[in-house]
Amino acid sequence: MTGPGQELTLEEGVARSGMSFHELWLSQLALGGEAASLEVEAYVLGLLTPDAFQHDLIAQAINEYFIERGEDHPVAYWQVPKEI
Amino acid sequence: LTKKAFHVWRKAGVRRRAVSDGSRADFFRAGGWTGLPAGRTNDMSGARDRVRRPDVFIPARLPCPDRGRANPAQSRGLLPASGRRVRRWHRVRRSAKTLRRNSTDPKAGDMSTASTQQQWAQVVAAAGRPDPGLDRHALVQVAVGLGLTAADGIGGCSVTEIGGGGYRTTAAAGAVAVALDQAQYDAGIGPCLVAADTGQAQQLDDADRQRRYPAFAVASREHGIRSSLSLPLLGVPLPAALNVYASTQRAFEDDRARAVTGLLARSVASLLRGGTGPSPVAPADLTAALARRRSVETAQRVLMTRHRIGASEAFQRLVERSVAEGRSLFDVARDLVPDGPG
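Protein sequence lines, in the order shown, are assigned to chains A and B. Counting in this note's numbering, the first sequence runs from 25 upward without gaps. Counting in this note's numbering, the second sequence runs from 724 upward without gaps.
Incorrect hints may appear among the rest.
Among the chain A residues that face chain B by a calculated CB cut under 10 angstroms, a handful are [claimed, not checked]:
(1) L32
(2) E35
(3) S41
(4) L50
(5) L55
(6) A60
(7) S61
(8) E63
(9) E65
(10) G70
(11) L81
(12) Q84
(13) N87
(14) H97
Hints are computed from structural coordinates only; laboratory data are not their basis. We treat Cβ as the ideally placed atom computed from N, Cα and C, and that holds for glycine.
All chains should be modelled from the sequences, with the hints used to inform the complete structure.
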């Protein structure tokens, strides 16, 4: 598991994954998200502040990308502790 | 008054900063009259409109005039301070504090102020969900205003449009934007025109010294602009570009500055074309995503019924399981609904 010190923000997660914002939008749509593509982009860049649910939805969408590649949830959640 | 305030500031020990040598430059670096750090002004936050700029400089550690009075309890705040100078000191300190609070927090780095966030929310929401009743021109004007916050040192942001045998600036913010656009229109060439015409982004890290666009280089030097980024607005009725001009060299080498400008360009393009545009998502990808979404929603409903919780809490539980088991949330959802969709 990724240590707490290595947890990434949304922006860092997107930068490290190299995924496009459209891929991210599609992924959060699959998870049940309702934000428009530009909105998701603004949340990731910190231009808009997401609520806890929206933040965790985007974090999960980025983490899904990492899980597919063998990494374990490197992006930090708002309300889900890393170790449960 | 300036001279007096400067000496007061020196005496008050604002020199605590390691960089300070007590010069006048340091006075302004330490925040000058407003106490704001260098490079941060309050124009973007709208603070100037809300709060009157204090007319007396209050250094962070300037002691209250009643310190050292005969009764030491007064200076410790145990007795109410009194006197005209003391009351004035408190009044001005309050307004200076309000001004600082309403301006950009230096510790927040790139974080936007509340009013900037509201503007972003307005622009992004209007661009994402088109509404025929919107004043699109006003929103594009708000968007170019936001362009000034895309990176440090940005002096101008504008939208160039090519049409009717000529060029025009349809929206602009910052003092230099219109002048730099006009210099390119007069020369018939420049990064903004090339970006609009070819659909290719034009990034100049040394706008004032490059030789590709000599007229633009001259205008950049004149207006103190050292780098520029022009992004094409795709899918709009007439060829157009969003231009951002910065007084610092290589301002757009930073990924974040480019990302923010890119978001702005897509938002403006969406506003100009009325929100409709070709979706970059393949229909097959969209169908697959919607199938996965149905599976997650079904799992959420199972948890909601089982634990009598709301939808967002059910989603949180799915995330918790995904983290605990180190698996994809889609797999977790599928396990909860073995015979369900997905």
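Given H97 of chain A was flagged as interface, is its beta-carbon under 10 angstroms from a beta-carbon of chain B?
-> 5 angstroms, holds
Measuring from the C-beta of S61 of chain A to each C-beta in chain B, is the shortest one below 10 angstroms?
-> 7 angstroms, holds
Does L55 of chain A meet its interface restraint, that is, does its C-beta lie within less than 10 angstroms of any C-beta in chain B?
-> Holds: closest Cβ of chain B sits about 6 angstroms from L55 of chain A, inside 10 angstroms.
L32 of chain A as chain B interface residue, shortest Cβ-Cβ below 10 angstroms = 14 angstroms, violated
When the nearest CB of chain B is found for L50 of chain A, is that gap smaller than 10 angstroms?
-> 5 angstroms, holds
For the hint on G70 of chain A, just tell me whether its beta-carbon gets within less than 10 angstroms of chain B.
-> 6 angstroms, holds
Was the hint right that E63 of chain A lines chain B, CB cutoff 10 angstroms?
-> Since the shortest Cβ distance to chain B is 5 angstroms, the answer is holds.
Interface restraint verdict for S41 of chain A against chain B (beta-carbon cut-off 10 angstroms) | Violated - the Cβ of S41 of chain A stays beyond 10 angstroms from chain B, reaching only about 14 angstroms at its closest.
Does E35 of chain A meet its interface restraint, that is, does its C-beta lie within less than 10 angstroms of any C-beta in chain B?
-> E35 of chain A check passes; min Cβ-Cβ to chain B is 8 angstroms, inside 10 angstroms.
Hint check: is the beta carbon of E65 of chain A less than 10 angstroms from a beta carbon of chain B?
-> At 5 angstroms from the nearest chain B Cβ, E65 of chain A passes the 10 angstroms test, so the hint holds.
Interface restraint verdict for Q84 of chain A against chain B (beta-carbon cut-off 10 angstroms) | Hint holds; Q84 of chain A Cβ to chain B Cβ min 6 angstroms, cut 10 angstroms.
When the nearest CB of chain B is found for L81 of chain A, is that gap smaller than 10 angstroms?
-> 7 angstroms, holds
The structure shown violates the earlier hints numbered 1, 3.
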